[in-house]
Each structure stands twice: as structure tokens, then as C-alpha cells.
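These are the residues of each chain, in order.
2 protein chains.
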Amino acid sequence: MLSAHVVQDLRRTLPAGRVLEDPGIVAGYLRDEAVWAPHGEPVAVVRPHSAEEVRQVVRACLRHRVPVVPRGAGTGLSGGANAVDGGIVLSTEQMTAIREIDATERLAVVEPGVVNDDLRAACAEQGLWYPPDPSSAPWSTIGGNVATNAGGLCCVKYGVTRDYVLGIQVVTGTGELVRLGRRTAKGVAGYDLAGLMVGSEGTLGIVTEVTVRLRPAREPERTVAGYFGSLTDAGRAVAAVGAAGITPSALELIDRHTLAAVDAWKNMGLSAEADVVLLGRTDAPGEAGDHEAETMLACFTGAGATWAVASSDAEEADALFAARRLAYPALERIGPVLTEDVCVPRAAVPDMLGRIERVGQRHDVLIANVAHAGDGNLHPLLIVPADDTVARTRAEAAFEEILDDALALGGTVTGEHGVGLLKRAGLERELPPPVLALQAAVKQALDPHGILNPGKVIAPCAPRF
Amino acid sequence: MLSAHVVQDLRRTLPAGRVLEDPGIVAGYLRDEAVWAPHGEPVAVVRPHSAEEVRQVVRACLRHRVPVVPRGAGTGLSGGANAVDGGIVLSTEQMTAIREIDATERLAVVEPGVVNDDLRAACAEQGLWYPPDPSSAPWSTIGGNVATNAGGLCCVKYGVTRDYVLGIQVVTGTGELVRLGRRTAKGVAGYDLAGLMVGSEGTLGIVTEVTVRLRPAREPERTVAGYFGSLTDAGRAVAAVGAAGITPSALELIDRHTLAAVDAWKNMGLSAEADVVLLGRTDAPGEAGDHEAETMLACFTGAGATWAVASSDAEEADALFAARRLAYPALERIGPVLTEDVCVPRAAVPDMLGRIERVGQRHDVLIANVAHAGDGNLHPLLIVPADDTVARTRAEAAFEEILDDALALGGTVTGEHGVGLLKRAGLERELPPPVLALQAAVKQALDPHGILNPGKVIAPCAPRF
Numbered sequence: 001m002l003s004a005h006v007v008q009d010l011r012r013t014l015p016a017g018r019v020l021e022d023p024g025i026v027a028g029y030l031r032d033e034a035v036w037a038p039h040g041e042p043v044a045v046v047r048p049h050s051a052e053e054v055r056q057v058v059r060a061c062l063r064h065r066v067p068v069v070p071r072g073a074g075t076g077l078s079g080g081a082n083a084v085d086g087g088i089v090l091s092t093e094q095m096t097a098i099r100e101i102d103a104t105e106r107l108a109v110v111e112p113g114v115v116n117d118d119l120r121a122a123c124a125e126q127g128l129w130y131p132p133d134p135s136s137a138p139w140s141t142i143g144g145n146v147a148t149n150a151g152g153l154c155c156v157k158y159g160v161t162r163d164y165v166l167g168i169q170v171v172t173g174t175g176e177l178v179r180l181g182r183r184t185a186k187g188v189a190g191y192d193l194a195g196l197m198v199g200s201e202g203t204l205g206i207v208t209e210v211t212v213r214l215r216p217a218r219e220p221e222r223t224v225a226g227y228f229g230s231l232t233d234a235g236r237a238v239a240a241v242g243a244a245g246i247t248p249s250a251l252e253l254i255d256r257h258t259l260a261a262v263d264a265w266k267n268m269g270l271s272a273e274a275d276v277v278l279l280g281r282t283d284a285p286g287e288a289g290d291h292e293a294e295t296m297l298a299c300f301t302g303a304g305a306t307w308a309v310a311s312s313d314a315e316e317a318d319a320l321f322a323a324r325r326l327a328y329p330a331l332e333r334i335g336p337v338l339t340e341d342v343c344v345p346r347a348a349v350p351d352m353l354g355r356i357e358r359v360g361q362r363h364d365v366l367i368a369n370v371a372h373a374g375d376g377n378l379h380p381l382l383i384v385p386a387d388d389t390v391a392r393t394r395a396e397a398a399f400e401e402i403l404d405d406a407l408a409l410g411g412t413v414t415g416e417h418g419v420g421l422l423k424r425a426g427l428e429r430e431l432p433p434p435v436l437a438l439q440a441a442v443k444q445a446l447d448p449h450g451i452l453n454p455g456k457v458i459a460p461c462a463p464r465f
Numbered sequence: 001m002l003s004a005h006v007v008q009d010l011r012r013t014l015p016a017g018r019v020l021e022d023p024g025i026v027a028g029y030l031r032d033e034a035v036w037a038p039h040g041e042p043v044a045v046v047r048p049h050s051a052e053e054v055r056q057v058v059r060a061c062l063r064h065r066v067p068v069v070p071r072g073a074g075t076g077l078s079g080g081a082n083a084v085d086g087g088i089v090l091s092t093e094q095m096t097a098i099r100e101i102d103a104t105e106r107l108a109v110v111e112p113g114v115v116n117d118d119l120r121a122a123c124a125e126q127g128l129w130y131p132p133d134p135s136s137a138p139w140s141t142i143g144g145n146v147a148t149n150a151g152g153l154c155c156v157k158y159g160v161t162r163d164y165v166l167g168i169q170v171v172t173g174t175g176e177l178v179r180l181g182r183r184t185a186k187g188v189a190g191y192d193l194a195g196l197m198v199g200s201e202g203t204l205g206i207v208t209e210v211t212v213r214l215r216p217a218r219e220p221e222r223t224v225a226g227y228f229g230s231l232t233d234a235g236r237a238v239a240a241v242g243a244a245g246i247t248p249s250a251l252e253l254i255d256r257h258t259l260a261a262v263d264a265w266k267n268m269g270l271s272a273e274a275d276v277v278l279l280g281r282t283d284a285p286g287e288a289g290d291h292e293a294e295t296m297l298a299c300f301t302g303a304g305a306t307w308a309v310a311s312s313d314a315e316e317a318d319a320l321f322a323a324r325r326l327a328y329p330a331l332e333r334i335g336p337v338l339t340e341d342v343c344v345p346r347a348a349v350p351d352m353l354g355r356i357e358r359v360g361q362r363h364d365v366l367i368a369n370v371a372h373a374g375d376g377n378l379h380p381l382l383i384v385p386a387d388d389t390v391a392r393t394r395a396e397a398a399f400e401e402i403l404d405d406a407l408a409l410g411g412t413v414t415g416e417h418g419v420g421l422l423k424r425a426g427l428e429r430e431l432p433p434p435v436l437a438l439q440a441a442v443k444q445a446l447d448p449h450g451i452l453n454p455g456k457v458i459a460p461c462a463p464r465f
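So the sequences go chain by chain: V and B.
Under the UniProt record's numbering, the final residue of the first sequence carries the number 465; numbering is consecutive throughout.
Under the UniProt record's numbering, the final residue of the second sequence carries the number 465; numbering is consecutive throughout.
Keep in mind that the hints were calculated from the coordinates and are not lab data.
Here a beta-carbon is modelled for each residue, glycine too, at the ideal position from N, C-alpha and C.
One or more of the hints may lead you astray.
Reference listing, derived: stretches of chain V covered by chain B, where coverage requires no fewer than 3 residues with Cβ under 8 angstroms from a Cβ of chain B [as the list claims (entries may be wrong)]:
| no. | stretch |
| --- | --- |
| 1 | 137-145 |
| 2 | 148-154 |
| 3 | 181-194 |
| 4 | 243-253 |
| 5 | 277-289 |
| 6 | 412-425 |
Lysine to any residue pairs mimicking SDA-like chemistry, simulated, CA-CA at most 25 angstroms apart [unchecked claim]:
| no. | chain 1 | residue 1 | chain 2 | residue 2 |
| --- | --- | --- | --- | --- |
| 7 | V | Lys157 | V | Ala298 |
| 8 | B | Lys157 | V | Gly159 |
| 9 | B | Lys157 | V | Tyr158 |
| 10 | B | Lys266 | B | Pro385 |
| 11 | B | Lys157 | B | Pro350 |
| 12 | V | Lys157 | V | Ala288 |
| 13 | V | Lys157 | B | Pro385 |
| 14 | V | Lys157 | B | Lys157 |
| 15 | B | Lys157 | V | Gly245 |
Using the sequences and the hints, build the whole thing.
Below is the structure:
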């Protein structure tokens, strides 16, 4: 690597102001929110303003054999955007244009730095809706959402980012700027390379523009809340909702550790009332919505809810969801949080929650849980006292055991956060050697010189030139 | 190639009865329904009974450097299943087990030879629904549907096969039997190789098992029918439906040539009444369904329908859809049919229909149209007199011009039928050279010896060993 020369080259090639070397500024680009994942020391941060400038960056990196790590808002939770030693960090934060919202074709064309909530707001003005709603939606960007195939609350009914990407413009590992996918509602012209890019965490191409599918704005949601005395009862309620043949637009679980942390911060009095809270939503229109809310309520009550209520009042519903939204900051007040993201078959949720509890006990680690219960997607949150390296080592062992438990129940090591650095070991346990070999073959085919975010998702390859 | 030896090897390796060489039997496996596409002469047809037997076939083909063409029911319309000279045709017709239908996880696990309608019927028994509904559903198999990423009528609301494939078991180009994807509702563990396999037409792997996502059974559909005096009026009705913020569960267009052919066969009197018929469906529940049907009716009337009616009577609705279902056999009575499958932006449907009409006039070819109008997915049907090679040459020129027109309007050369052989030239006009290079790189990575259905989708590569 000739890292020193790449910065000179980039300064010569790009307009003024694109290349940042000030250590104080670069420090803000070293890592994403996976604070426990390692990161390297980059030689510079580059903030291109256009797809053509992204191409120039990749071409300079190719000339100088320097790796490039693409980055959106840095809200990732697996270390996928963490800097690589001697490399370039490419931030898409200056590429924030919403180029087009087309109500007839129900699509939008955006640059990668557009914030998820900004796109949603712009669509809403035209009576349209972009469904993917990761908890990071107020900050995270569409480029990052595409790179990680972000999920969220409503994906239990409406699917994940992958389901909304029609087309994508990327710079490839050989420095070509290409369009993949399409603008039409359907299309099967060649291999689905646009789909392959989604969730590839910047290791197969750098996203410079995305064409997303939109839906018509939906009906206001109704909320059904239930308090339960045990995880088993709450798990039975989730199974009953599925068996009733309805598809809620959200079905979230909050456990007692999370409730206690929210209470300790906001004094909401939840943990005195319930061991587990389930929050369901339906957006079915009119009478069908009444019916779904009543059915969900009956499922909660039938499974032994100690208290349950349906509400169509938006303010009341928002209050009920506050505990879900506040979970992460409330737990961070206790200590650094290591966020898990396993997904198991829906029926295995109670079993998995029991296993997580036992892992916490074995390793003496506080593990709180929030979960997209309707999807079987659990987010155990491992909390250790600040600066306690022994506790951190215990938590890291617990983290890996939770992955093994998820795999034992037929699940996956990552439901929606991605592999990044934190799940690489887990991925190697999930996928057998022939499948890992296929993954490596695809990486080699699309990034033959190994410069795109090396070491993320799959084991690092030495740059090849 | 040592084609002669591969048959001996297969007979030695596989149980009795798997290998067929009788020319009378082999003749039934030479091609799919794209009767105008060329085909080669295979050395044998093999009908394995298990994934392990499929692996044995691929390994034998690797040993003897012989290509293998996988095949479901042979209902494809692009020549993707057409035999290759000196190769093996691998039919999955003996692999018809529905291994599992899980109501809690809302998934089914099936062998590739399961017929689409058989899976749908088995799901319906448990109150579940597998949405993808290609017109070939009574005969086509899930393996073939996956290989071509089949669409259908309801995909305007519910998406295509790709949207329902959770996991897939395939034999790779190196003879490995691997599972890709997952059983869980969500998952982002590594590159989406399951998604990459969908629509790859047997050129990247041979499907031996599929895990599909299911939905709860839906409400009965209501039908709205409209007669129009011109394509322009019908096109305005389609645009109005989209602008009204509703998503019909089907929105089909039938033009006057098709109506005339159906009348000539079944004497339904349609062509005397209308120049174009639009058929919409809604499956929204209860009052919402009433509202959607009324809205669609108002859109039809507002766009100038000469007659329009909404019906919730299943028998009456089926009668209205009969013309759509009968289109293909009715037109085949006139002469051999070459089926197109372009997809354009929804707003471009009237323009595209006008262009198709002019192409037909220029080349003196009868072109009838049925279309999934709500998706912008058009099926121009080019009909020539039997055994008229001059007319056929004119039709082939018209076929290519229609592709160019679709591309000029921002569309794609294939919406749901796949590339196979018939669209290979069109694909090379749709995708620029760097994207074709990426496609070739993926093919090379996953089928390094070039034995999987060579020459389909992308230009043939010489087998490499």
C-alpha cells in the first residue's frame, strides 16, 4: 500500500474540501455504533458530492492499492463501517438529494446520504410511503440501510429494505459506475445483481444512487398493549396472533430488565406492572382494523395477559411505544451496551429468551431484551459496567454463546444488523465451508482487487493487483 | 466432451430407471414452450428422485465435461430449458414431495417438481396462501418458477416468486449440495445467494428444494370490468387507479385482437362490445374492499369506459376473466404464437401499446396483446400462419423491435419470463458492457466449469476444466 500518495492523488483529482485529514475530524469517522468492534487508522476521510466523485475515489484507491470503507451516518451496529488501517473512509453524507418521487410509478430516486426519515417525510407529502423503519430512521441513511438490508418494526408485515430496492447505482471494485436493477415494477433481465448488492455492506460495490419502490400512504395504526407475568405467556400470545391468521404491522416485546431501566430513567412505573410487555399494531383499514385489534387483544388475554388494552388514540399509543423507543438510551445509562441481533423461528422465541437468560446467568452479564417478536428477531442487549475489562470479556463470551443458541434453534446470527466485524465468527459457524467458499467466490468476482471494505462480512483477502 | 461415456457413468451411479435414452421419450424433453427457440440434441434425459441423485448427475457431468440442462414442467417461454447438443437434460418431475407446511412459521418446504397449483391447494387446506400465480400455475413447477422468478396476475399487489423464497437448496457448478438463505422471517448472514439463484434459469445452480414464505388465506376477490373504445382510454383508467392510491390484486388488459380470437372460438361477443377490456380485482377486506371496487369502477368510468361493472359474484367474475385465460389457446388456433414479455413504466403502457401496433403494421405481423397493465408488464403475442417461414422471419424482426421500443421507454426486455435464448440479444442491448461483464463474472464464480445450462441468459462460455 502506498497510503501516503493516495491522499495527494485525491486532493489533485477532487474539488477542494472533499479530503479531510484533520485528526480531530477524522476521529469522528473511525467507527460505527458497534463500540466494541475494533477499528483501524485511516489516512483520510473523503466526502464526495456525486457518483462521479465516488468513482474518482475508488479509482485513486485502485491506483494506490488502498482500501476504501464506505459509510453513511455511522449508525451501524456490527462494525461494518469501521475504518481500516491505512485506508480511506468514504462518507456519503454530502450526497443528500432526493432526485425524484414519482407517484404514478410509485418510486423514488435518492442519493445514498438521504436520511431515512427525510425520505419518508418527502413521500408522505405526496400520499406515498417508504416502509422500512429501522429504529435509527431519524439518523440513518438510505445508503446505509441498503448496505445492511435494514429492517425495523413494520417489516413483520411489509418486509425489509431488500423488498423496496428496485434499482441501484454503484461504483464497482474495478472503478466502474454502473446501474443495476430497473425502474419498472417487474424485471428478470439477467442475474439480480441489485439484490446481491443489498446487504453486502459495501464489500461488493459503493452505492451512489438508489431507486426504491413506494406504497400508497396507509391507514392510521391502532395499538394493542399487553402486560404479561412471564416470557412463556408472552410467547404464547405471539404464537396465537400468528395462528389467528392476521399479520400485525408491528409486534414488539420488551422484557423486565428493559422495563426496569426505562423506569429508573423516566419513572413510568412499568416494571411494577409487568414482567414482559407486548405491543402490537394493526393498520388494516376500517372494520378489518377493528377486527384485527380485537383479535390481537383476545390472543393477548387468552395467553394470560394480566392487563391488555386496544387503543386507536395516537397519543396514547405513542406513550405505549415510548418504552420501546427508550430502551436503548435507558440501558446505556447503566453501562456500555453490546447489541445482539439473532433471528429464530417465531415458535422458538420463548425458548430463545430462556436460553439468553441462562447465558446471562452463566457469564454474570446483565442481558435485557427487546424483540421484533412477530419476526422472531431478538435484540438481547448485553450491559457491563464502564471500563470493566473483565466484565467485557465475559460479555463477549456470552455474545458468542447467544449466537450458538440461535443456530441450535434453527436461527441466524443476524436478522437485520449485518455481519460487519462482530458477527464474522458467528457467520463462519452458521455457513458450512462450501457456502463460505461461494461467498468468497462472489466477493472475488465483484471486487477482484479486494479494496472494498476488506475484512467485513467475510475473512479479509490480501489486496490483489 | 465425452458424452458417450457420461451415460454409462450415470447408469452405473444412479438407481435403475433414472436414465432415459429412448428417442421417442427424449423427444418430449428437447425444448420448452418457446417453440421458436433453437434446441440441441441431448445424449440422455435423467430424472433423479432426490437431491443426492441430482448431485450425482452434476458430478458425472463434471467428470465427463458434459453440460446439464435442468428442467421443470417445460412451460417456460424463453427457451431456458431447451436441450444442449451432447448434454444431459435433468428433469425434476420425480421430485414432487411437499415436505412441510408450517402454519406458525408461515412457510412451506417443497421439492422442485411440485406443481404450483398443488402447493397452493395444500396451503389452502391449512388456511394459508402461496401467492405467485403464473398463468402456467396448473402445470408449472416451483423449481421452474424459482428458476425464472415467475410472476403472474396477483404480483401487482403481492410481488413475484423472489419475494417468497426464503431458502433454497441447490447443487452448485462444482457438484456441492448446499443450503442458501434461511427459514427465519429475517436474515442478513452473508451475501444473498438464495436471491441470486432466483431467476438465474439453472445457470448458477440446480434447485433441489425450496423454502417459501406463505401468507394467511385472503378474502374473496371482487372483480371490476370495463369496456373501452381505445387503448388511450384504457391506459388513462390504469393511471387513474394508481393515482387513486389503491393497489388492485390484479389489473389485466385484453386488446381487440385477443377479444376477436376468443370470440372466433367461444362466441362470447366481446369484440362487438369493446376495443379493449380492463379487468381489475380487489381483495381488500370488508368495507375497504367495497371502497376499492367502487374507486376502480369510478376510475374506469371517468376514463371513458363505454360499459363498466363491479361484481362480487365469483361465477360472474370467472366468466369475465375467461377471456384473459383463453387468450393464448384462442390465438394459437390462428397460428404459432411468439410470446413477448416486456415491462415498461406504468405510465408508458398506452405509448408502448401504440408502438407495438406500429411494429405489427411495419412488419405485416398480427400482434395481439394481453397485459398485466397494473405492472406495466405487456405480453404482445405475435402470430404467423403455420409453416410460413417468410412471415416468421418478419415476426422475429418485429419481436426485436418491440424490445427496442420497451428499452426506449425505460423498460426491460423481460418482465417475468426470463432471458433463456429468445432474449439474449435483447439483454445485450439492455445492459451496458460493464454490467454484462459483472454478470459473466458471477457466472464464472459460481459455475467455474461452465456446465450449468450453458448458453442461456448470457453468451456461452466454453467448458473449462
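Tell me if the straight-line CA distance from V/Lys157 to V/Ala288 falls inside 25 angstroms. Holds: V/Lys157 and V/Ala288 sit about 15 angstroms apart, inside 25 angstroms.
Mind taking a look at whether chain B covers the stretch 243-253 of chain V? Criterion is 3 or more residues with CB to CB distance under 8 angstroms. This one holds; 4 residues, not fewer than the three required, reach chain B with a Cβ under 8 angstroms.
Take a quick look at whether V/Lys157 and B/Pro385 sit within 25 angstroms of each other, Cα to Cα. 50 angstroms, violated
Count the residues of the stretch 412-425 of chain V whose CB lies closer than 8 angstroms to any CB of chain B, then report whether that count reaches three. holds (count 9)
Do at least three Cβ atoms from the stretch 137-145 of chain V come closer than 8 angstroms to Cβ atoms of chain B? As far as the stretch 137-145 of chain V goes, the hint is violated, because 0 residues have Cβ atoms under 8 angstroms from chain B.
Holds or violated: B/Lys266 to B/Pro385, with C-alpha atoms at most 25 angstroms apart: Answer holds: B/Lys266 to B/Pro385 is near 21 angstroms, not above 25 angstroms.
Between the stretch 148-154 of chain V and chain B, see if three or more residues pass the 8 angstroms beta-carbon test, and mark the coverage as holds or violated. holds (count 3)
Given hint V/Gly159 paired with B/Lys157 - CA-CA distance at most 25 angstroms: Within the cut-off at roughly 14 angstroms; holds.
For B/Lys157 and B/Pro350, compute the direct alpha-carbon distance and say whether it is at most 25 angstroms. With a Cα-Cα distance of about 21 angstroms, the restraint between B/Lys157 and B/Pro350 holds, given a limit of 25 angstroms.
Decide if the proposed pair is consistent with the structure: B/Lys157 and V/Gly245, CA atoms, cutoff 25 angstroms inclusive. 19 angstroms, holds
Within the stretch 277-289 of chain V, is the number of residues with a Cβ closer than 8 angstroms to a Cβ of chain B three or more? This one holds; 5 residues, not fewer than the three required, reach chain B with a Cβ under 8 angstroms.
Go check the stretch 181-194 of chain V versus chain B for me, would you? Three or more residues, Cβ under 8 angstroms, otherwise it fails. Per the Cβ count (12), the hint holds.
Checked against the numbered hints given earlier, the structure breaks hints 1, 13 and satisfies all the rest.
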